[in-house]
Structures are given as C-alpha cells and as structure tokens.
Amino acid sequence: MSQSAVRLPADVSEDHVRREAVAYFALLASGSATPSDQDAAARWRSAHPAHERAWQRLERMRLALAGLPPRIAAPVLTAAARRRRAMLKSVLACAGTGALAYGAWRGLPWGIWGADYRTAKGGYQDVTLDDGTRVALDTDSAIDVRYSEMGREIRLLAGQILVTSGKDVAARSRPLLVSTRDGVARPLGTRFTVRQLDGGTRVAVYEGRVELAPARASDRLVVAAGESAVFDAGAVGTLRPADPAALAWRQGSLAVVDWRLGDLLAELGRYRAGYLGCDGAVADLRVSGTYPVLDTDQALAALVRAFPLRLSRFSRYWVTVEAA
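Under UniProt numbering, the residues of the sequence shown are numbered 1 to 324, in order.
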C-alpha cells in the first residue's frame with residue numbers, strides 16, 4: 001500500500017496535521033530548538049505518512065525562499081521565528097501532539113505559508129469556491145477556507161481579497177463569513193474587498209451590504225454599497241465613500257489621485273520584494289496617475305519622468321527615491 005493510501009484516524013483531519021507541521025517547522029527553524037524539540041519533531045514526522053508529506057511541503061516552500069538574498073531573507077525569517085518561539089513552546093507543551101489553536105497558528109509567518117490559498121509579492125490568484133463564491137487574492141495575500149454544513153468561512157490571514165458571494169442554496173442556515181484578526185464581516189449578497197492593515201481591517205462594499213462585527217465588541221455596523229469602513233477588534237470607524245479606483249489592482253494597476261509619494265511607494269512596495277522607500281524630503285510630494293503594479297520598475301521609471309526625482313539603488317532589492 002502506498003503512503004498516500006494510508007488514511008488518517010477519523011478524528012484527525014489533514015488541516016490538523018498541517019497546523020502541527022507548521023508549528024514544529026517554525027520551532028526548529030528558530031535556531032534555538034533544544035535536542036528534545038528535535039526529537040519530538042522527528043517522532044511526529046515518523047508517526048504517520050501524512051505528517052511527513054506535510055513536512056516536505058514546508059521544506060519545498062522554504063527552498064522557494066532560498067532565491068532571496070540572505071541579507072534580506074535571513075533577518076526577517078529568523079527574527080520572526082525567535083519572537084514566536086516562546087509562544088510555540090507553550091502551545092506545543094499544552095497540546096502535546098494534539099491540534100494547535102488556530103488563533104496561535106495563524107499569527108505565524110509559517111502559518112501563512114500553509115494557507116489554503118496564497119500569493120507571492122506581485123502575484124494574483126482567482127479562486128471559485130464550492131458554493132460559487134469567487135475570491136480574488138491581491139499580491140502577498142493568504143486565506144484559509146472552512147466550509148461545512150453549519151457555515152462558510154473565509155479567513156483572511158494577510159493582504160487583500162475581493163469577494164463576490166455565491167448563491168448558496170442553504171445561505172440562511174449556512175451563512176458566509178469573512179474573518180480577520182479584528183473580527184468578522186458578514187456579506188448579504190454582495191461584492192466587496194477586505195484588506196488586513198497594520199492597525200485594523202478595511203472593508204469596501206461595491207454591491208449589496210456587509211455587516212461588520214468586531215471581535216471584542218457587541219456593536220454591529222452594516223456597510224452599504226458605495227461605502228467603506230475600517231474596524232479593529234474593539235470598534236468600527238467612520239463610514240467613508242468606497243473608492244472604485246481601489247479595484248484597479250484587478251487590472252494590474254494602481255490608480256491614485258493626490259497621494260503622498262510616501263504612501264504611493266508603500267503601496268507599490270506590497271508588489272515588490274525587498275525595500276522600497278523615499279527620502280523624508282520628498283515623502284509629502286503630491287502625486288497622481290496610474291502605475292503598473294506587475295512591473296514596479298516601470299512604475300518607478302514613470303515617477304522619475306514625471307517628477308523631479310531620482311532612484312538610488314543599493315541593489316535590486318533596496319531602492320530609495322530621492323530629490324533629483
């Protein structure tokens with residue numbers, strides 16, 4: 001019998017295995033794993049063929065990162081792993097070889113690697129789910145999908161998605177929810193975007209309505225078509241107009257009107273590996289235009305042609321915009 005034919009116990013899911021693999025992998029990659037940590041990971045890998053398959057998937061992802069320059073990749077990944085090692089140790093100690101809590105797992109960069117769907121910087125992906133719901137993933141984004149007889153949930157782990165809800169025949173008993181670390185957005189037959197920000201979640205509605213429910217508040221707010229709002233775990237902010245130009249990423253563009261140069265570069269940086277920034281002397285320069293996000297070098301060249309700016313390149317992965 002092949003390894004792939006060996007089934008997991010009925011009470012253990014592939015999702016369960018994947019989350020455990022991510023936790024062990026992150027712990028060993030932290031650079032400070034003890035011999036007992038290494039032994040525990042080895043025992044887990046050999047306990048079932050599905051464990052080893054999950055581990056090898058993470059190994060392939062790790063190798064995919066090897067193309068980045070070490071001075072960029074190593075500090076980011078190592079520092080993140082070290083910051084989370086203490087949490088991982090306590091979670092693993094409490095759980096043994098049991099399932100890890102999703103809330104702890106999804107905070108890890110390794111958890112994003114193991115997402116059901118994810119895109120790299122500069123990449124896009126269109127996904128059609130079982131009920132016909134369409135999800136478009138923007139650059140550097142990740143989601144998990146949890147569909148069951150009781151409900152339909154899309155978990156945004158990073159980045160931005162555009163959701164066009166499907167016509168599920170059991171929608172009343174099986175509502176569609178989009179969750180982030182800040183709370184839940186419940187669409188009511190609609191088309192909308194959800195973006196994870198550093199300090200909250202932004203939802204913009206283009207068709208229908210979306211109900212927002214912060215994780216630690218009882219208040220609810222319905223956002224109608226043409227409106228947007230930012231919410232965090234404690235509250236929902238002021239309703240503002242939804243900008244149709246914000247969907248230009250679906251056509252590979254970024255359309256801006258009277259933006260700060262610093263804000264434009266921060267947005268372009270989402271589509272580009274490495275560092276992209278500007279000198280403080282030009283950060284407040286107001287810019288407008290449509291810029292290609294699939295070729296950020298072309299976008300930067302357009303900026304230099306249109307404004308008194310120049311590019312300072314330390315390497316292809318470190319670009320600073322300065323006054324000409």
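These aren't lab readings, by the way, just hints derived from the structure by calculation. All residues carry an ideal CB built from backbone N, CA and C; glycine is no exception. Be careful, since some hints might not be right.
Label pairs and their calculated CB-CB ranges [stated by the list, open to error]: (1) Arg-250 <-> Gln-56: 33 to 39 Å; (2) Thr-320 <-> Ala-120: 35 to 41 Å; (3) Gln-56 <-> Asp-131: 27 to 33 Å; (4) Asp-243 <-> Ser-46: 48 to 54 Å; (5) Asp-130 <-> Ala-47: 26 to 32 Å; (6) Asp-263 <-> Ser-46: 26 to 32 Å; (7) Ala-224 <-> Ser-36: 54 to 60 Å; (8) Asp-126 <-> Asp-279: 56 to 62 Å; (9) Arg-286 <-> Gly-199: 55 to 61 Å; (10) Leu-188 <-> Arg-57: 47 to 53 Å.
Hints versus structure:
1. For the hinted restraint 33 to 39 Å between Arg-250 and Gln-56, the CB-CB distance of approximately 34 Å keeps it satisfied.
2. Remark: the range hint 35 to 41 Å for Thr-320 to Ala-120 is contradicted by a beta-carbon distance near 23 Å.
3. Take Gln-56 and Asp-131: their Cβ atoms lie about 32 Å apart, and the range 27 to 33 Å holds.
4. At roughly 53 Å, the beta-carbon separation of Asp-243 and Ser-46 lies within the given 48 to 54 Å, and the hint holds.
5. A hinted range of 26 to 32 Å holds for the C-beta pair Asp-130 and Ala-47, which are about 31 Å apart.
6. Roughly 50 Å separates the CB atoms of Asp-263 and Ser-46, a value that falls outside the hinted 26 to 32 Å.
7. Taking the beta carbon of each, Ala-224 and Ser-36 are about 55 Å apart, inside 54 to 60 Å as hinted.
8. Taking 56 to 62 Å as the suggested C-beta distance range, the pair Asp-126 and Asp-279 does not conform, at roughly 38 Å.
9. Between Arg-286 and Gly-199 the Cβ separation comes to about 24 Å, which falls outside the hinted range of 55 to 61 Å.
10. In this structure, Leu-188 and Arg-57 break the distance hint of 47 to 53 Å, their C-beta atoms being roughly 37 Å apart.
Going down the numbered hints, you'll see the structure goes against 2, 6, 8, 9 and 10, while the others check out.
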